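Work out the full structure, taking the sequences as your base and the hints as a guide.
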Amino acid sequence: MSAERDASLPNPTKWLLIGAVGLIISFVGFFVDPRMASFCYLIGLIFTTSITIGMLFLVMIHHIFDAYWSTVIRRQAENFLAALPWMAVLFIPLFLITYLYKQDTLWIWMNPDHELHGHGTVGGDILYQKKTWWLNETFFWIRAVVCFVSWVYFARTFRRNSFNQDKDGSAEHTYSSRKHAAGGLVVVALTWSMAGFDWIMSLEYHWFSTMFGVWFFANSMRAALAVLILVAAFLVAKGPLKGIFNTKHLHDLSTLSFAFTVFWAYISFSQYFLIWNGNIPEETFWYNFREEGMWYSVSMFLIFGHFLFPFLFMLQFPLKTKYPAMVFMACWILFMQLFDLIFNILPSLKIHGQTAQLFHEPLGFLWLGASVLGGIGILLWAYWTSYHKVKIIPIRDPRIGECLGHNH
Amino acid sequence: MADKFGILAKFDTPADIMHAAEKVRDAGFKRWDVITPFPIHGMDGAMGLKRSWVPRFTIVGGTTGFIAGMSMIFFTNAFDYKILIGGKPLFSPFFAFPVSYELTILFSAFASIAGMFILNKLPMHYHPALKIDRVAEASDDKFFLYIESEDPQYDDTKTRSFVEGLHPVEVSDMEA
Chain H
53 MSAERDASLP
63 NPTKWLLIGA
73 VGLIISFVGF
83 FVDPRMASFC
93 YLIGLIFTTS
103 ITIGMLFLVM
113 IHHIFDAYWS
123 TVIRRQAENF
133 LAALPWMAVL
143 FIPLFLITYL
153 YKQDTLWIWM
163 NPDHELHGHG
173 TVGGDILYQK
183 KTWWLNETFF
193 WIRAVVCFVS
203 WVYFARTFRR
213 NSFNQDKDGS
223 AEHTYSSRKH
233 AAGGLVVVAL
243 TWSMAGFDWI
253 MSLEYHWFST
263 MFGVWFFANS
273 MRAALAVLIL
283 VAAFLVAKGP
293 LKGIFNTKHL
303 HDLSTLSFAF
313 TVFWAYISFS
323 QYFLIWNGNI
333 PEETFWYNFR
343 EEGMWYSVSM
353 FLIFGHFLFP
363 FLFMLQFPLK
373 TKYPAMVFMA
383 CWILFMQLFD
393 LIFNILPSLK
403 IHGQTAQLFH
413 EPLGFLWLGA
423 SVLGGIGILL
433 WAYWTSYHKV
443 KIIPIRDPRI
453 GECLGHNH
Chain X
7 MADKFGILAK
17 FDTPADIMHA
27 AEKVRDAGFK
37 RWDVITPFPI
47 HGMDGAMGLK
57 RSWVPRFTIV
67 GGTTGFIAGM
77 SMIFFTNAFD
87 YKILIGGKPL
97 FSPFFAFPVS
107 YELTILFSAF
117 ASIAGMFILN
127 KLPMHYHPAL
137 KIDRVAEASD
147 DKFFLYIESE
157 DPQYDDTKTR
167 SFVEGLHPVE
177 VSDMEA
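Residue numbers (the working numbering), protein chains in the order written: chain H, 53 to 460; chain X, 7 to 182.
Since the hints were made in silico from the structure, they are not lab data.
Note that the structure is predicted; figures quoted are calculated from it, not measured.
Each hint should be verified, as a subset may be incorrect.
[To be verified] Heads up, simulated DSS-like pairs for lysine-lysine below, C-alpha to C-alpha not over 27 Å straight-line:
no. : chain 1 : residue 1 : chain 2 : residue 2
1   : H       : Lys-219   : H       : Lys-290
2   : H       : Lys-300   : X       : Lys-56
3   : X       : Lys-29    : H       : Lys-300
4   : X       : Lys-56    : H       : Lys-374
5   : X       : Lys-36    : X       : Lys-56
6   : X       : Lys-56    : H       : Lys-294
[Stated by the list, open to error] A few chain H residues that don't get close to chain X, going by computed Cβ distances all over 10 Å:
no. : residue
7   : Trp-121
8   : Gly-176
9   : Phe-200
10  : Ala-289
11  : Ser-349
12  : Gly-357
Backbone N, C-alpha and C define an ideal beta-carbon position, used for all residues, glycine too.
See the structure below:
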């Protein structure tokens, strides 16, 4: 169907160039303004990785429930999985930047001599000493490798099964995917939470929240669903999915997106509520940082912009079935998703002795924009490359007929 | 027959009754219904049914529940009998939230069920179709359609010939 390149669809190379420009600016930033640039790079990397991991979850959920309504859009999620190995490559600069400076560019606990505000160094901090069995450099990098290896393994398995089924139509591929989904959901849930703990939570290693992994999961699902809605709307508008992907499919995607909006709010609220209620200094300081100055506005913006507005918007049935409305909402959710990551990551700069005033520092905008652009460029490059190689829907999936007739 | 309820037509297959329903819809009848052994997908469209009004009941119930939860906790903890616990404020939306949230869900569920009953005119202990023994076949393998005599377009002879034009297996009058 789409084996030969359709000229009206984006050229992958263009996206590779855009990504490369973004990444080069980010790399320049590592030398000009190391801390700010590497924090922004972390935000950009996690933003794009969370989209791909969300896609991985969607594919696994599809297989484990033997779903039929999502068959038509599953191929696009699989195309996004092609970006996962590249996300692993994009993680390498974080390793390099850590050792380029005195190991405390991002994760301060990596440098035992790092001066803590008001009380000694990291090495002498009892809260760090008790956590060294988990928070030590060797184990940290091993965990990152384990994460990426397991994600890439599952991504490749689902892609291979799905593409091979296009060729021979055998149901064996579906069974294989279902078995892998059962194991994969457990493994990816654990590794993705671990990634959240390691990459974001350990930026402020005093702080801990058991909700954090679930928040990370909810966030990545929201981002992935938003991207999937955008891609579906784009492919319907451009023609390839026109008449295949109908408004009922859109409604289902939107409903799932709505469900994860509520889930995100539930998790975020519970995290705040437990910390507020417990009132323990090791936990509350994290939110105290986020209630000072402009971060207070950001917090409020998250409550109303990331929950209340999408909630009331997607509560309405007519809006969930209209492309323009859902395209707007998907863009909005992606934008707020980025804000949520900024909210979670950037205030940690404060314990580096810098005041985290991203919005008062023009260069911060540049680094953030460059890293997000770099990540998105690589993501879409991998997506379109994969898109042009395979069929637009899993044409010989046992459930595809049922899915195309989905209208009630 | 002054107290005639309407005209009943029997069909053999789901496809037949779907087509008949489309014709009745296009003829502009308002007070009519179909009786089938199982839900037929696409029947809503064939009958020209609009989206249900139940969600409106749900949102009213949910909002009421949320406000009830918040004001209940405000009234008990911060107004009627002030209790200071652990140095927390007398009232804060944070600790009132879980209760309000649960009440939102509870009241939404109640309102949805009540709305469903009201819109379906339930409980309905009697329906003229029950007088006709053959309608029991609708719980097995036959499909029925009736047009009420209360319908503004209803006319004894015209409507009967219209219903016969739908190619039913049989047509009969329904007593009120």
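A quick look at each hint next to the structure:
1. H/Lys-219 with H/Lys-290: The hint holds at about 26 Å.
2. H/Lys-300 with X/Lys-56: This hinted pair holds, its Cα atoms lying about 16 Å apart.
3. X/Lys-29 with H/Lys-300: holds, 25 Å
4. X/Lys-56 with H/Lys-374: Holds, because 17 Å separates the two Cα atoms, which is no more than 27 Å.
5. X/Lys-36 with X/Lys-56: holds, 12 Å
6. X/Lys-56 with H/Lys-294: Roughly 26 Å between the alpha carbons, so the hint for X/Lys-56 and H/Lys-294 holds.
7. Trp-121: holds, 14 Å
8. Gly-176: holds, 32 Å
9. Phe-200: holds, 38 Å
10. Ala-289: It holds; H/Ala-289 is separated from chain X by about 25 Å at its closest Cβ, greater than 10 Å.
11. Ser-349: holds, 19 Å
12. Gly-357: holds, 18 Å
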